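Enquirer: The residues making up each chain are set out below.
Protein chains: 2
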Amino acid sequence: MMKINSEIIKAICLTEGVEPDVLKKKVSEGRVVIPCNLKRKIDRPMAVGEGLKTKVNANIGLSKGHSGMDEELKKMEVAIGAGADAIMDLSTGALLNKVRKKILENSPVPVGTVPVYELACGDNRDFKSLREKDFIEILEGQAEEGVDFFTIHAGITLEAVKYAMDNPRIMNIVSRGGALLASWMYMNNKENPYFTRYDDVLKILKKYNVTLSLGDSLRPGSVRDATDHLQISELLVLGDLQKRALGSGVQVMIEGPGHMPLDQIEANVKLEKLICHGAPFYVLGPLVTDIAPGYDHIVSAIGGAIAAWHGADFICYVTPAEHLGLPDLGEVKQGVIAARIAAHAADIAKGVKSALDRDINISKARARRDWKEQFRLAIDPELPFMVRKRTNPSEEDVCSMCEDLCSIKRTEEILKFKKEK
Amino acid sequence: MMKINSEIIKAICLTEGVEPDVLKKKVSEGRVVIPCNLKRKIDRPMAVGEGLKTKVNANIGLSKGHSGMDEELKKMEVAIGAGADAIMDLSTGALLNKVRKKILENSPVPVGTVPVYELACGDNRDFKSLREKDFIEILEGQAEEGVDFFTIHAGITLEAVKYAMDNPRIMNIVSRGGALLASWMYMNNKENPYFTRYDDVLKILKKYNVTLSLGDSLRPGSVRDATDHLQISELLVLGDLQKRALGSGVQVMIEGPGHMPLDQIEANVKLEKLICHGAPFYVLGPLVTDIAPGYDHIVSAIGGAIAAWHGADFICYVTPAEHLGLPDLGEVKQGVIAARIAAHAADIAKGVKSALDRDINISKARARRDWKEQFRLAIDPELPFMVRKRTNPSEEDVCSMCEDLCSIKRTEEILKFKKEK
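As they're listed, the protein sequences go chains S and W.
Numbering-wise (our numbering), the first sequence opens with residue 1 and increments by one.
Numbering-wise (our numbering), the second sequence opens with residue 1 and increments by one.
It is possible that part of the hints are untrue.
Identical chains share a label here; the pair holds if one copy fits it or two copies do between them.
[What the hints assert, rightly or not] Derived lysine to aspartate or glutamate pairs resembling DMTMM-like cross-links, with alpha carbons at most 25 Å apart:
#1 LYS350 - ASP263
#2 LYS203 - GLU382
#3 LYS350 - GLU413
#4 LYS133 - ASP166
#5 LYS270 - GLU72
#6 LYS421 - ASP240
#7 LYS350 - GLU266
#8 LYS24 - GLU396
#9 LYS353 - GLU266
#10 LYS273 - ASP263
#11 LYS409 - GLU159
#12 LYS128 - GLU16
#13 LYS419 - ASP126
FYI, nobody ran anything at the bench for these hints, they're computed from the structure.
Computed from a predicted structure; not experimentally measured.
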């Protein structure tokens, strides 16, 4: 059994409305993960998986020439304020170690990283000349610092990289960590060190109770590349690795696509659940079309809602800046809200009771034209207030669209007429 | 057979990639409609229905105390510029007739209205005292002016209104036209004039070839009210009315929900297609949650994509200002883009070939880091250009998120290494 503080279990059971025994059983079966490094105190712990509310992750982090440390900490605040359940620090560039430490110090929610980025941004910039053991050793340092979950691209094999090079897709490899590993493997003609030394990886993760997020290096980067040989063959490897991790007492979830036509999403979620023995599914998107840069938070909300409805457990947000550059504060907020809309809409369909209750309550407030209460219950209390203020309705209890033709008021008049009759 | 200009048929066949005989057959079977008033010349005609691209409508129009004529005409331009296939003028207030005429003069795409609004905003403001024949006569004037499609709430019966008043839902009646009619019916204890005088309605519509859009007065206004007795009983009436319209040589489509949990959408689309004999389905949303005022374009994009994938043919946009007030120009654009994303994502899943081709082409440009071409093919060419400009990447052919760690460039290096080996 994984080592998880009983206070954390208690807190999660309270917010999820589940029994501790049920939660613990699901964790031991690998159907739920609770990312919480033994070295770190998390103010708002959370669990991801079967029967729980759909969770949302926000990626932040600076790159070589862009954004400052304060800006990234501010993004973290904005993301959590908008409702992100977890944060991944995907920083690259020289300041990467400093940013990670700051985020770990300040984040009230679980923090994830992709440790291979530190290898790519260290003093030794020649990635190709790294030794096998460098890939493993980098994990210990970040685990010791308190990172709660690691994305590790252990499932991309040398055979798969060769297949990818012989059968190029439109977008080939779009995972940053995956592409780094693929180039190291192909140029050195060596197997993936996270694959060959997987037992060493698991030993470190178990020691700190770092949750393993098995990365999908070969996720499709275009809807045309979706559900192909490469994507599914990697998933098969991830299924085996999931079993080994669970058997070694390491919590594990599986990362998923990516760009994907909406009619393929249900099958992909079901496939993941079957091949990976019910492990939590952590999806990026899915993005249901490639044609909307600037609006990929909307594209992802469509895919994320469908995925979560069919069983995906954890949605990685996508911001309007995806495919274009690092997001700013406003785009971080938009990304989180869009992902939360997807998660919430899916939770209604999944039958999470507290989800539907919130809709009932806001609709009752709407029916009363109780604007204050409606905004209080809204996914973003600020924006609707400002929109209404701008549109300046001529009467207090209607809006500027219908005014005295308000259908709700008209219906109330019929009910009043009925009573007086 | 409906009277439709052969030039219009030709133009539509060209953009849709279908044969004229196939299109004509579908129109005669009521599976496709081509909204085009005989009195008006439409520069960009379009068809709605089975086997065709999913279309998008944008609602514009001023209300009593808000927005000016020029502003509404500007909204029309913005909506069509962003890709709306049709416009509905939902103006209310004293200027309603003037706005409609201006829009009919200037719109290159089909224009729809809800004629009962004119009755509600005329000199005689006492709606209750209107006579049956007023409801019919108002149609002739707007048809003569050239309106291409009318929303007429012929399916709400006195029995249904009484049922609604005896069994109130959370949001009761949220259709503006539906609530007006319901109050007239209930307070006068009279049947719906559009129902009792349906043959007179059809006569006028046939004369001008105005397409009938059968309104859903009892659409759910909260996810909790979805797929209930009221909604489905109205649909059954609409199915009968659809058959009568088609039999009288009137083109007809069916309007649909509304607020609806995402797991109910497929069943609702299939039900509409079965009950209404394959008639085109024109959906508002569906909005898959009630909790996101300010973001209802995203909420609707999720529902619209799922609906269109399962066969809905025409998506009415929802703007971020929905439930709050009249949208401004920026919100009109956001609403159209979100609905077009939903329509396009559904078209990929539906197998519309030109849809997937566009994704392939933009992804090829993305793989080449050909930003100019990528933006040219994007659903909105302006916004991604501005986002990229703001984020100011340090190298020309990467973005500020990954910079030299760009996965696409890394993969190219592997391919180059392979070639040189």
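Enquirer: It remains to establish, for every hint, whether it holds in the given structure.
Expert: Hint check:
no.	hint	result
1	LYS350 - ASP263	both (19 Å within a copy, 8 Å between copies)
2	LYS203 - GLU382	neither (46 Å within a copy, 50 Å between copies)
3	LYS350 - GLU413	neither (37 Å within a copy, 44 Å between copies)
4	LYS133 - ASP166	neither (29 Å within a copy, 74 Å between copies)
5	LYS270 - GLU72	neither (36 Å within a copy, 47 Å between copies)
6	LYS421 - ASP240	neither (72 Å within a copy, 33 Å between copies)
7	LYS350 - GLU266	both (14 Å within a copy, 15 Å between copies)
8	LYS24 - GLU396	neither (51 Å within a copy, 51 Å between copies)
9	LYS353 - GLU266	both (22 Å within a copy, 22 Å between copies)
10	LYS273 - ASP263	both (17 Å within a copy, 20 Å between copies)
11	LYS409 - GLU159	between (67 Å within a copy, 21 Å between copies)
12	LYS128 - GLU16	neither (46 Å within a copy, 51 Å between copies)
13	LYS419 - ASP126	between (81 Å within a copy, 21 Å between copies)
When held up to the earlier numbered hints, the structure conflicts with 2, 3, 4, 5, 6, 8 and 12 and fits the remainder.
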